[in-house]
Amino acid sequence: MLYYIIKRILLTIPVLLGIATITFILLFLVPGDATLCVVGERVDKVTMELIRKERGMDKPIMERYINYLSRLACLDLGRSYSTGARVSKAICERFPNTLRLAVAAMFVAIIIGIPLGILSAVMRGKFVDYICMFLAVFGVSTPVFWFGLLLICVFSIYLGWLPASGMGNGDIQHLVMPALTLGLHSVAFIARVTRSSMLEVMGEDYIRTARAKGVPEYIVILRHAMKNALIPVITLIGLDFGSYLNGSVLTETIFGWPGLGRYAVEGIMKRDIPIVMGTVLFSAAVFVMVNLVVDILYRFLNPRIRV
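Residue 1 is where the sequence shown starts when you use our numbering, and the numbers rise one by one after that.
Hint data in this document are derived by calculation from the structure and do not stem from the laboratory.
BS3-like cross-link-like pairs, simulated, lysine-lysine; straight-line CA separation at most 30 Å: (1) K45 / K270; (2) K213 / K227; (3) K59 / K45; (4) K126 / K213; (5) K59 / K89; (6) K89 / K53; (7) K53 / K270; (8) K126 / K227; (9) K89 / K270; (10) K59 / K270.
Given these sequences and hints, build the entire structure.
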């Protein structure tokens, strides 16, 4: 297992290097001058050249690429063109907000999705099963932005129960609607995967043996069936949580949540290349590491693939 972990960690290095290279090339192939987006079009050419020289934008692209990789080796993501602040510092300030939203959204997805899936599997072919699967299909097919705006209209505008946007002082009232919106799709996927996995496990020999021995049905479901049925669900939860940690652009933009997704959008709108490259690379690193943790956890939970 230790050899496998070391091998996977080493394999992340070329993956991140490839992502950094592709991001660098794509951003610098985009037409236009990033300096114009910061200082405006009325600046004279002399000032423009000074700014470009100060930021190293007058150097050949290969030299800029090498400088970029050397900074990455020191965990330096550069400085924002528009504010001059360090991108790494801004990411560290916003990541806790994204983490808080991700944990809340995943909590919502788990406490709703898993019970729905189990209930649907136990009541297979009955009215409850159809209701649960209808809710799952509704969650998958509902656009995130529409659901978020619907929550704002109902709970903020008409009822006035919850704030429409912002993070406030970190109270739970500001967290409820963004967490529900972000966790909607995960609820649907978790419910469907849980149902499929439960139905597969319920047909195994050891389940039939437990029932033949007179074990109560709730013990068969909770202790024997659910334990093995949740293994693929845990993998799905880990992958979804990794995507949440990268920041949800739509959810954070709709609710004005100061996280990584909104920070990336601000960088794109301003054509602030260091911000865009920094958030993309950080998100890729987080997702790769979460995948590694999920893979290791899956091997511990499933004895059939342990190494």
